[in-house]
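There are 2 protein chains.
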Amino acid sequence: MSEEITPTGKKIALDCMGGDLGPSEAIAGAALAIREGFIGPNDKLILVGHEDNLRQLAAEHRVLKSKRVEFKHAATVVNPDDAAMTVIKSKRDSSMLIALDMLKAGQADLVISTGNTKALVAAGTIKVRPMEGAERPALAAIMPRREGHFVMLDVGANPEAKPEHLVHNAVLGSIYAQSALGITNPRVGLLSVGTEEGKGGARINRTHTLLKAMGDKINYVGPVEGFDVFGDACDVVVTDGFTGNVILKTLEGLVYMVRDMVGKKVKSNPVYLAGGIAMFPLLRDLKGKLKPEKYGGAPLLGLSSLVMKAHGSSNRQSIASAIRLGLEAVGHDANRRMLVALAEANAVISSTPEEE
Amino acid sequence: MSEEITPTGKKIALDCMGGDLGPSEAIAGAALAIREGFIGPNDKLILVGHEDNLRQLAAEHRVLKSKRVEFKHAATVVNPDDAAMTVIKSKRDSSMLIALDMLKAGQADLVISTGNTKALVAAGTIKVRPMEGAERPALAAIMPRREGHFVMLDVGANPEAKPEHLVHNAVLGSIYAQSALGITNPRVGLLSVGTEEGKGGARINRTHTLLKAMGDKINYVGPVEGFDVFGDACDVVVTDGFTGNVILKTLEGLVYMVRDMVGKKVKSNPVYLAGGIAMFPLLRDLKGKLKPEKYGGAPLLGLSSLVMKAHGSSNRQSIASAIRLGLEAVGHDANRRMLVALAEANAVISSTPEEE
Numbered sequence: 001m002s003e004e005i006t007p008t009g010k011k012i013a014l015d016c017m018g019g020d021l022g023p024s025e026a027i028a029g030a031a032l033a034i035r036e037g038f039i040g041p042n043d044k045l046i047l048v049g050h051e052d053n054l055r056q057l058a059a060e061h062r063v064l065k066s067k068r069v070e071f072k073h074a075a076t077v078v079n080p081d082d083a084a085m086t087v088i089k090s091k092r093d094s095s096m097l098i099a100l101d102m103l104k105a106g107q108a109d110l111v112i113s114t115g116n117t118k119a120l121v122a123a124g125t126i127k128v129r130p131m132e133g134a135e136r137p138a139l140a141a142i143m144p145r146r147e148g149h150f151v152m153l154d155v156g157a158n159p160e161a162k163p164e165h166l167v168h169n170a171v172l173g174s175i176y177a178q179s180a181l182g183i184t185n186p187r188v189g190l191l192s193v194g195t196e197e198g199k200g201g202a203r204i205n206r207t208h209t210l211l212k213a214m215g216d217k218i219n220y221v222g223p224v225e226g227f228d229v230f231g232d233a234c235d236v237v238v239t240d241g242f243t244g245n246v247i248l249k250t251l252e253g254l255v256y257m258v259r260d261m262v263g264k265k266v267k268s269n270p271v272y273l274a275g276g277i278a279m280f281p282l283l284r285d286l287k288g289k290l291k292p293e294k295y296g297g298a299p300l301l302g303l304s305s306l307v308m309k310a311h312g313s314s315n316r317q318s319i320a321s322a323i324r325l326g327l328e329a330v331g332h333d334a335n336r337r338m339l340v341a342l343a344e345a346n347a348v349i350s351s352t353p354e355e356e
Numbered sequence: 357m358s359e360e361i362t363p364t365g366k367k368i369a370l371d372c373m374g375g376d377l378g379p380s381e382a383i384a385g386a387a388l389a390i391r392e393g394f395i396g397p398n399d400k401l402i403l404v405g406h407e408d409n410l411r412q413l414a415a416e417h418r419v420l421k422s423k424r425v426e427f428k429h430a431a432t433v434v435n436p437d438d439a440a441m442t443v444i445k446s447k448r449d450s451s452m453l454i455a456l457d458m459l460k461a462g463q464a465d466l467v468i469s470t471g472n473t474k475a476l477v478a479a480g481t482i483k484v485r486p487m488e489g490a491e492r493p494a495l496a497a498i499m500p501r502r503e504g505h506f507v508m509l510d511v512g513a514n515p516e517a518k519p520e521h522l523v524h525n526a527v528l529g530s531i532y533a534q535s536a537l538g539i540t541n542p543r544v545g546l547l548s549v550g551t552e553e554g555k556g557g558a559r560i561n562r563t564h565t566l567l568k569a570m571g572d573k574i575n576y577v578g579p580v581e582g583f584d585v586f587g588d589a590c591d592v593v594v595t596d597g598f599t600g601n602v603i604l605k606t607l608e609g610l611v612y613m614v615r616d617m618v619g620k621k622v623k624s625n626p627v628y629l630a631g632g633i634a635m636f637p638l639l640r641d642l643k644g645k646l647k648p649e650k651y652g653g654a655p656l657l658g659l660s661s662l663v664m665k666a667h668g669s670s671n672r673q674s675i676a677s678a679i680r681l682g683l684e685a686v687g688h689d690a691n692r693r694m695l696v697a698l699a700e701a702n703a704v705i706s707s708t709p710e711e712e
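Chain order of the listed sequences is X and H.
Going by the working numbering, the first residue of the first sequence is number 1, and it counts up by one from there.
Going by the working numbering, the first residue of the second sequence is number 357, and it counts up by one from there.
So that you can see chain X by itself, here it is in the shape it has in the complex (with noise of 0.2 Å):
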């Protein structure tokens, strides 16, 4: 952190350029975080992105006139259809990782972006070292369940995640529900395909055995069904990078065809049709509530400073959202309390004998 502002203070990189509704709706995201509060007197908020354009956008919203605003030039921008590694090493003026090589310096506290969720966990994996303790980060989503919302993770962070890689994203996903969703005591499921012991094969025996060794350094109430998931089973479930992208891809892909489906049976159908327009803002509604990445953002959980993904289609309340999802994130004394719960976690797992 840089001497100007004071130690409380958050400087917060926002990646402006790779969303999908482009840095008209980013600049204005970042005026809502500022006119709702979200963004503190001690904060600055770095508009990452072509300066020019960027500055022309700001002059717009008289409330992003301020110190707390700054402006960093990038030449180019990450594509939706960029492929990762081309990302890595070919675009290395773009706003998402000029963005990442500021939080690498030191020069933001975090970094929010809307861009290509691939590049970005590349990028961000690669550019910012592991939390002391932690190997590989967890992508960790927000999602809604019938009363209130839940974290998953990983969602596509780690294909091949290991159980002692599991048992980390078991702990900080216990400590990012409590300061995201402001429950106290986070109830932690593994999840699996039946929740006798013994099921789900080895990997997800040893990490039972291991969150169970655990005791009450983590609230852990066992494994979890898929079924369950959007119930009052848990409040966050663990998962490995592959499932969880897996789901939560499906589950998107589920909900664009419910919205197709219904909307062509109410076009075929007057009795449709007259219930439909009635129900409309009810279907927006469950879209809404259903489309998972739209709560707010998924940070990376495990690097050493914290990158934040926001959704591509995110509108301004979108990102303004993530902005305060961020900064909560990095408050609440949350990364000292992983480094003492990753540091708890690799002692058990370095005690717990592995089984026969």
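Errors might be hidden in some of the hints.
[To be verified] Now the in silico label distances, taken between C-beta atoms and shown as ranges:
#: 1; chain 1: X; residue 1: R259; chain 2: H; residue 2: G396; range: 38 to 44 Å
#: 2; chain 1: H; residue 1: G587; chain 2: X; residue 2: G231; range: 24 to 30 Å
#: 3; chain 1: X; residue 1: A105; chain 2: H; residue 2: T442; range: 58 to 64 Å
#: 4; chain 1: H; residue 1: P709; chain 2: X; residue 2: S350; range: 35 to 41 Å
#: 5; chain 1: X; residue 1: E354; chain 2: H; residue 2: G578; range: 32 to 38 Å
#: 6; chain 1: H; residue 1: E700; chain 2: X; residue 2: P80; range: 36 to 42 Å
#: 7; chain 1: X; residue 1: E354; chain 2: H; residue 2: S669; range: 37 to 43 Å
#: 8; chain 1: X; residue 1: H73; chain 2: H; residue 2: T540; range: 28 to 34 Å
#: 9; chain 1: X; residue 1: E36; chain 2: H; residue 2: G587; range: 35 to 41 Å
#: 10; chain 1: H; residue 1: E700; chain 2: X; residue 2: D333; range: 36 to 42 Å
Worth flagging that the hints you see were computed from the coordinates, not collected in a lab.
Yeah, the Cβ is synthetic: ideal placement off N, Cα and C, and Gly gets one too.
On the provided structure of chain X, position chain H as indicated by the hints.
Showing chain H alone in chain X's frame:
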């Protein structure tokens, strides 16, 4: 096959006891399957369960007074929450295990059960030997998409599938999609977390290499993401039994959540109520369409005889449809074609070197 029936006839053992709606619904499903002509004149339907009970229920359906219908007594029942290992060890006299024993002994050509999935998968895998060339069976579900249906496998038999198992799933699922969905040259996709090569980890990469090496033996279209499965990317989605089971259960959980949310919303607001009443038939249709296991049954592919799981909540129509689907799955020369395809796949697997 016994001498009394012609070589084209099949003997179906129907476990009548495990469904949520009880044996009366299973018996009604059996009667419907005969009335609908699903069971041919040379086929035999063996009703397995408490014989006195079943005979009494069958007396209500004139169509069941047929030489095509037989009874097989079983003293006990597998309960929905019985642990798989408990069933195998201590419920040998249950309708499920007796039906599987008939399959093992060649007294039946296929078993259909609405009972406890985990017990059926575990007991089926132990009782019935794998098809030559296969190692572990895969549970194949037919699921709805925007237009029509697709096959997803494995949805729960083999949680820790190796690349060779995934390749077996690909060829078995392809043949099943031909017989069950009537798709001539099904497009096969490998579920992954990105469509770039190299995403998804070593296991997915090796499977991708092997499937490409299959050449024109299979219509492999490459990796698909969760988002694509409800679109038109492919007809057969190949995955391991952990991921597939979690997807299936999560989707089911989501559908129930949506139903509850819609119900609550509709009651909360007179505008929604008016719309909701008009929309009820639509919502019921959607619920039916989105409950994946309702589409007939899910066969355990890769065993030397067919074991088919029908949904626990199956009504008579679903049970009749599972019987039809089971007969289709063992028809079309499917068994011989699966043996040929597995041999071809194994030749490719053993001749394709592991990459560095």
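Range hint 37 to 43 Å (beta carbons of X/E354 and H/S669) holds or violated: holds, 41 Å
Range hint 35 to 41 Å (beta carbons of H/P709 and X/S350) holds or violated: Holds, since H/P709 and X/S350 (Cβ atoms, about 37 Å apart) stay within the stated range.
24 to 30 Å as the expected CB spacing between X/G231 and H/G587, which holds or is violated: Cβ of H/G587 to Cβ of X/G231: about 28 Å, so the range 24 to 30 Å holds.
Beta-carbon spacing of X/R259 to H/G396 - inside the hinted bounds 38 to 44 Å or not: Given about 42 Å between the Cβ atoms, the range holds.
Consistency of beta-carbon spacing, H/G578 to X/E354, with hint 32 to 38 Å: holds, 37 Å
Outcome for the supplied range 35 to 41 Å, where the beta carbon pair is X/E36 and H/G587: Given a distance of about 37 Å, which is inside 35 to 41 Å, the answer is holds.
Assessment of proposed distance window 36 to 42 Å (beta carbons of H/E700, X/P80): holds, 39 Å
H/T442 and X/A105 - C-beta distance against the hinted 58 to 64 Å: holds, 59 Å
Supplied distance hint 36 to 42 Å, evaluated on CB atoms of H/E700 and X/D333: Check failed, 60 Å falls outside 36 to 42 Å.
Cβ distance range 28 to 34 Å for X/H73 and H/T540, holds or violated: Violated, at about 56 Å.
Going through the hint list in order, the structure does not satisfy hints 8, 10.
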